[in-house]
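**Student:** Chains S and B, in that order, give the protein sequences. Under the working numbering, the first residue of the first sequence carries the number 341, and numbering increases by one thereafter. Under the working numbering, the first residue of the second sequence carries the number 3, and numbering increases by one thereafter.
Hints listed in this document are in silico derivations from the structure and should not be mistaken for laboratory results. Source: prediction; values computed, not measured. By construction, the Cβ of each residue, glycine as well, lies at the ideal position given by its N, Cα and C atoms. Accuracy of the hints is not assured; some may be wrong.
To be verified - Capping the alpha-carbon separation at 30 angstroms, the derived lysine-lysine pairs in DSSO-like fashion look like this: (1) S:Lys427 x B:Lys89; (2) S:Lys555 x B:Lys61; (3) S:Lys450 x B:Lys129; (4) S:Lys449 x B:Lys131; (5) S:Lys497 x S:Lys525; (6) B:Lys89 x S:Lys450; (7) B:Lys62 x S:Lys555.
Claimed, not checked - Derived DEER-like restraints, expressed as beta-carbon distance ranges: (8) S:Glu365 x B:Lys62: 18 to 24 angstroms; (9) B:Asp108 x S:Asp454: 19 to 25 angstroms; (10) S:Asp372 x B:Ala23: 41 to 47 angstroms.
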Amino acid sequence: MYIIIVGGGTVGYYLCEALLNEGHEVLVLDKDAAKCERFGDDMGSVCMRGDGCEAATLAQAGAARADVLIATTDEDEDNLVACQVAKYEFGVARTLARVNNPKNEMIFKKLGVDRTINVTNLILDHIEGDLPTHPMVHLLTMMEDGTEIVEVRVREKSTAVGKAVKDLSLPPDAVLVLLIRNGYKPQTVIGDTVLEVNDRIIALTPTAAEDVLRKELTGLD
Amino acid sequence: MNVLVMGCGRMGAQLASLLDAEGHKVTVLDIDAHGFRRLPPGFGGIALVGDGTSEDALKKAGIEEADAFVAVTQGDNRNIMAAQIAKHIFNVSRVLCRIYDPLRRDIYEALGLEAISPTTVFAQIFKDKLLSM
């Protein structure tokens with residue numbers, strides 16, 4: 341595959357190295373001469389000096405035949421424009437943008453970027469997964485319609501303990517799907533299911549209602 | 003008209019004061035309060051510190067009530083991003099954007115963004131002036 345990386349910072353550097361090792365054709369674009377030189381010394385002529393947001397630079401880089409463009413700079417607006425110019429001007433099939441402000445993920449998707457990578461959220465996901473006591477873990481985000489699949493653990497202090505699901509004050513669009521209880525087979529949740537301490541619930545919730553759902557099931561703000 | 007102007011440089015300040023003088027409701031947004039010194043003493047609009055490429059800052063600046071949004075910061079990409087957020091996320095009915103790079107302006111104009119490139123406009127004006135001497 342021919343992959344163009346916009347931004348020769350730390351992320352761009354190691355990404356380039358890894359993709360080259362996998363046998364891909366890689367070209368890095370960076371405005372900074374010193375950065376380009378570092379690539380030249382370490383990996384050969386894989387870096388071209390230029391602004392990856394400029395159509396002229398992308399044309400020179402052969403963007404029209406690129407399979408993927410990855411924008412890795414630390415400025416969200418630059419990453420957005422690089423992806424959009426690649427996609428709409430050169431027809432690059434797949435564009436990926438590093439997103440620094442987590443709130444921009446949804447905006448970038450709406451504006452045509454195929455995939456966003458948000459470092460803050462990635463680290464957060466790992467922290468949640470690594471801490472078994474964490475009361476709510478994000479399992480999957482369905483970015484397009486703002487829905488999440490989460491795993492919530494019912495805590496001792498929660499007012500939901502001993503209550504039937506139909507009597508809980510759940511957010512209107514949230515659905516409790518699956519109940520995982522120690523020693524039992526996972527079962528689908530029905531209105532009459534009574535919750536116990538340490539029950540694990542797999543739920544589907546709109547991102548906006550996540551906090552309400554967590555509070556109702558865990559008792560934590 | 004209720005207008006939100008992003009960027010209080012020479013251009014943004016001038017535009018804001020012209021609109022304000024004509025009785026429009028103007029809010030100016032800039033990441034640096036230093037730019038507000040360019041607003042005239044009798045400016046009746048609102049000057050707010052905030053990043054116009056952030057959805058939250060735009061909301062605070064009242065973009066949901068704005069009839070028009072103008073992006074005139076120094077950075078083409080900042081203007082492009084903010085203008086697209088205004089147009090596609092907040093559905094502001096009139097969105098104008100400054101893009102210095104003529105090629106980039108053409109690309110975004112084709113994508114439906116109303117954009118002006120000072121580079122092209124001024125080069126033309128200067129050329130016409132020179133040749134009419």
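**Student:** Look at each hint and say if it fits the structure.
**Tutor:** Structure-based check of all given hints:
1. S:Lys427 x B:Lys89: 19 angstroms, holds
2. S:Lys555 x B:Lys61: Measuring from Cα to Cα gives roughly 26 angstroms; hence the hint holds.
3. S:Lys450 x B:Lys129: Distance of about 40 angstroms is beyond 30 angstroms: violated.
4. S:Lys449 x B:Lys131: 45 angstroms, violated
5. S:Lys497 x S:Lys525: 25 angstroms, holds
6. B:Lys89 x S:Lys450: Holds. Lys89 of chain B to Lys450 of chain S sits at ~11 angstroms (cutoff 30 angstroms).
7. B:Lys62 x S:Lys555: Answer holds: Lys62 of chain B to Lys555 of chain S is near 27 angstroms, not above 30 angstroms.
8. S:Glu365 x B:Lys62: 18 to 24 angstroms: Given about 45 angstroms between the Cβ atoms, the range is violated.
9. B:Asp108 x S:Asp454: 19 to 25 angstroms: 23 angstroms, holds
10. S:Asp372 x B:Ala23: 41 to 47 angstroms: Cβ of Asp372 of chain S to Cβ of Ala23 of chain B: about 43 angstroms, so the range 41 to 47 angstroms holds.
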